[in-house]
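*Asks:* Use the sequences and the hints to build the structure in full.
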Amino acid sequence: MSIGIEESPMPGGRLLHPLMQARSDSGMGRMLFLSVAAHLLVALLFSGWFVPQAKREERPVYYVDLISRPVANPQAGRPDGGGGGKAQGNPPAEKGVAPAQSPPARNETAPLPEKVSKKAETVALPTKAEVKPGLKSEAKGKPEAKPEAKAKTDPKPEIKPDVKAQAAAKSTEQGYQQVLSAVAALQKKRESEQQKEEIASLQERIAEMSRRRGDGAGNGGGGTGGAAVAGGSGVDAPLGMPDGTGNEAGVSSSLWLQTFFRSNWRLSKYQVSRADLETVIRIAYDADGNLLRKEIVKSSGDRIFDQSVEDAVLKSRKLPMPLPAPFEGEVIFNLRDLQQ
Amino acid sequence: MKFYSHLIFLVFSAMVLSVTSWSAPIEVRAPGQQAIPVAVTSFLPMAGGGPADVAREFQEVVKDDLEFSGIFRFIDPEAFLSDAGRLGMESSQVDFEQWRLLGTEALVKGGYVLEGENLVMEARLYDVLRGRLLTGQRYSGRRQDVRAMAHAFADQVLKALTGNMGAFKAKIAYINDQTGFKELYMMDVDGNQPTRLTSHRSLVLNPDFSPQGKEIAFTSYRSGNPDLFRMEVYSRREASVSSRKGLNIAGRYRPPAGRELALTITEDGNADLFIIGTDGRVSRRLTSSWGIDVDPSWSPDGERIAFVSDRLGNPQIFVINVNGGKERRITRTGSYNVTPAWSPDGERIAFSRLEGGRFDIHTIRPDGSDERRLTFGAGNKEHPRWSPDGRFLVYSSTEKGKRGIYVMRADGSGSRRISSAAGNSFHPAWSPRW
Chain A
9 MSIGIEESPM
19 PGGRLLHPLM
29 QARSDSGMGR
39 MLFLSVAAHL
49 LVALLFSGWF
59 VPQAKREERP
69 VYYVDLISRP
79 VANPQAGRPD
89 GGGGGKAQGN
99 PPAEKGVAPA
109 QSPPARNETA
119 PLPEKVSKKA
129 ETVALPTKAE
139 VKPGLKSEAK
149 GKPEAKPEAK
159 AKTDPKPEIK
169 PDVKAQAAAK
179 STEQGYQQVL
189 SAVAALQKKR
199 ESEQQKEEIA
209 SLQERIAEMS
219 RRRGDGAGNG
229 GGGTGGAAVA
239 GGSGVDAPLG
249 MPDGTGNEAG
259 VSSSLWLQTF
269 FRSNWRLSKY
279 QVSRADLETV
289 IRIAYDADGN
299 LLRKEIVKSS
309 GDRIFDQSVE
319 DAVLKSRKLP
329 MPLPAPFEGE
339 VIFNLRDLQQ
Chain B
1189 MKFYSHLIFL
1199 VFSAMVLSVT
1209 SWSAPIEVRA
1219 PGQQAIPVAV
1229 TSFLPMAGGG
1239 PADVAREFQE
1249 VVKDDLEFSG
1259 IFRFIDPEAF
1269 LSDAGRLGME
1279 SSQVDFEQWR
1289 LLGTEALVKG
1299 GYVLEGENLV
1309 MEARLYDVLR
1319 GRLLTGQRYS
1329 GRRQDVRAMA
1339 HAFADQVLKA
1349 LTGNMGAFKA
1359 KIAYINDQTG
1369 FKELYMMDVD
1379 GNQPTRLTSH
1389 RSLVLNPDFS
1399 PQGKEIAFTS
1409 YRSGNPDLFR
1419 MEVYSRREAS
1429 VSSRKGLNIA
1439 GRYRPPAGRE
1449 LALTITEDGN
1459 ADLFIIGTDG
1469 RVSRRLTSSW
1479 GIDVDPSWSP
1489 DGERIAFVSD
1499 RLGNPQIFVI
1509 NVNGGKERRI
1519 TRTGSYNVTP
1529 AWSPDGERIA
1539 FSRLEGGRFD
1549 IHTIRPDGSD
1559 ERRLTFGAGN
1569 KEHPRWSPDG
1579 RFLVYSSTEK
1589 GKRGIYVMRA
1599 DGSGSRRISS
1609 AAGNSFHPAW
1619 SPRW
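First to last, the protein sequences are chains A and B. Just so we're on the same page, our numbering is the position in the first sequence counted from 1, plus 8. Just so we're on the same page, our numbering is the position in the second sequence counted from 1, plus 1188.
Simulated from the structure, these hints should not be mistaken for lab results. Everything hinted at is true.
Straight line, CA to CA, 27 Å or less: simulated DSSO-like cross-link-like pairs of lysine-lysine:
| # | chain 1 | residue 1 | chain 2 | residue 2 |
| --- | --- | --- | --- | --- |
| 1 | A | Lys302 | A | Lys326 |
| 2 | A | Lys277 | B | Lys1347 |
| 3 | A | Lys277 | A | Lys302 |
| 4 | B | Lys1402 | B | Lys1347 |
| 5 | B | Lys1251 | A | Lys277 |
| 6 | B | Lys1347 | A | Lys306 |
| 7 | B | Lys1347 | A | Lys323 |
| 8 | B | Lys1347 | B | Lys1251 |
| 9 | A | Lys323 | A | Lys302 |
| 10 | A | Lys277 | A | Lys306 |
| 11 | A | Lys323 | A | Lys306 |
| 12 | A | Lys306 | A | Lys326 |
Anything over 12 Å on all C-beta distances counts as not near chain A; from chain B, calculated:
| # | residue |
| --- | --- |
| 13 | Ala1235 |
| 14 | Lys1251 |
| 15 | Leu1269 |
| 16 | Leu1275 |
| 17 | Gln1286 |
| 18 | Leu1321 |
| 19 | Gln1400 |
| 20 | Tyr1409 |
| 21 | Ser1411 |
| 22 | Arg1447 |
| 23 | Leu1474 |
| 24 | Asp1489 |
| 25 | Arg1499 |
| 26 | Asn1502 |
| 27 | Asn1511 |
| 28 | Ala1609 |
Being a predicted model, the structure only gives us computed values, none of them experimental. No residue lacks a Cβ here, since even glycine has one placed at the ideal position from N, Cα and C.
*Replies:* Set out below in structure tokens:
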């Protein structure tokens, strides 16, 4: 009974000690009461009531290329398309690439998934990487900041220089071709999990490079890189959802909308003085993607914050993709992933 | 009975609907874009030709201020389309579609009239997305006021986009030794127009602006003893406030009225904190510990004071309630924490800590929690003071050799030197909006 208390790392354990001594001369009921109380206390201590900086819950964050199609019953796969977008019959690349989405698009591929299994559920980003698109333009000169998680198993050392910042556009081009052929070679004899990992990491590299090719000129439409990615087709991890059970190539509509609103939402952390702001807005779209209604259901209390949320929706009067069904629902905007 | 069957049907269909369509709400946990793209156009002459350099100066100052705020990303003027060359300043005359094409969300346009030495500036900030005017200001003054006009407009831009007025149209008081003596100076927040205020030819230290802004308290050894003075900035008239035997140092005006000052007096042999009226009479003794109690800093409501005391053996930051109550130690780490400065919103206290032979600036909550380090790298960073809008900190640093005045954002980013290279500059204080 007392184990939970004795082992508790919190001061609660020490606090309760005198109470524990009283236990010996009382009945079972009292002991039980004490135990329950002590457990409640421990639970309370850990609940964050007494620890103001309670640890924020972690949860996987998926982002999709907005050229992916929102569907009703997505198949199993990766929400960012895994580089196999074209093979899955997802042609409308030129249709809906909002020019403003380049920073988030770049973020998607920067950190590599540690492990890409058959289901490939990893596009979860460390929050740190995604928080700083504001700094992006300054950091652009050095794209080599990419994590090299796969370096140990890299079968093609000669492609390495491409990742370096100094690489001229030409060598990027060459490297791109090299990587393409490397992927093709690997595909022929892919049997082990190990090789799948290599392919996945090479895909990431292609995506990165083609993006760099796509917006080498500057801020412009980086999103078009996705179209080039589609060239590396036929690999594993098709476009879909990690938990997808359907048969359509595409991502779930809510994930698609989440990414879309995020990419359209613009707010500087220096515009608001608090990080605990949250606005809930109710939005309705028809199946063609036309905005029908918007209404703030719960205001954050901060005029600037609310307005930025409304702006994000106003920028989305017409979605670049049709939805599988009309949408009506609440969208929550907050700053939980913003580092202070 | 019929009613119930209807009800059951309704509930059932509602359940079916909620399952088939979008049940869980979508949560967006961070903005995808965290800088506002702004276009700052060259202001155009509204009458006559007029030289463009005055417009260029205005534009540069506005851009510098906005850049320092950290909120913006500037659209390259090379990309500007025809609307940038048109004066039309009514919302209906601006071609917002052009600006949307460039991805601009905020647009600064304006015009000016320069006749002789008389300058009129008309400045506008537009919300491009909604196609409407956010703020419009008309400034008239002399040619040399153009920088002040630009700072004032930058403050308005921040107000329009954050809800809080900026603090660029303000002054920074500081001490400089270029004459061979440490004298009191004042400059713009970007370091322009440094002006010497005192000629004591002795040692002047530790300036503080009154909450109304037009008065500075400082300590001077002018008559051999460190006495507390106050000076009316416009007339430069000075008066001694406290010239008790021993130290009369680090005077800080009590907000919000500024009719009292907290300072350290050593008249009875020990350094303790007192509150005195601006006429110099002691209204209250705050501490009477055996240790040295120095560097008071008021909470914005004027009810509490953060200060430094070495009563526990080494200097640490304490907070005391002015109307009685126990002193509470708030810094728990580090063995040398000094010069607290309470933020204008009351949420944080900045201070400098000596660690590994170097001073660096940290902030902490007034309850002692959530300590954060703001500065890194070479040099001593000392004497932090807040801008009145709480966005920035001004401090002195030796990172480039000599001591200079630097500013940075309250999160430690964007630091830049503002004082000129002449002599050593230190002990800064940011005035209220001027």
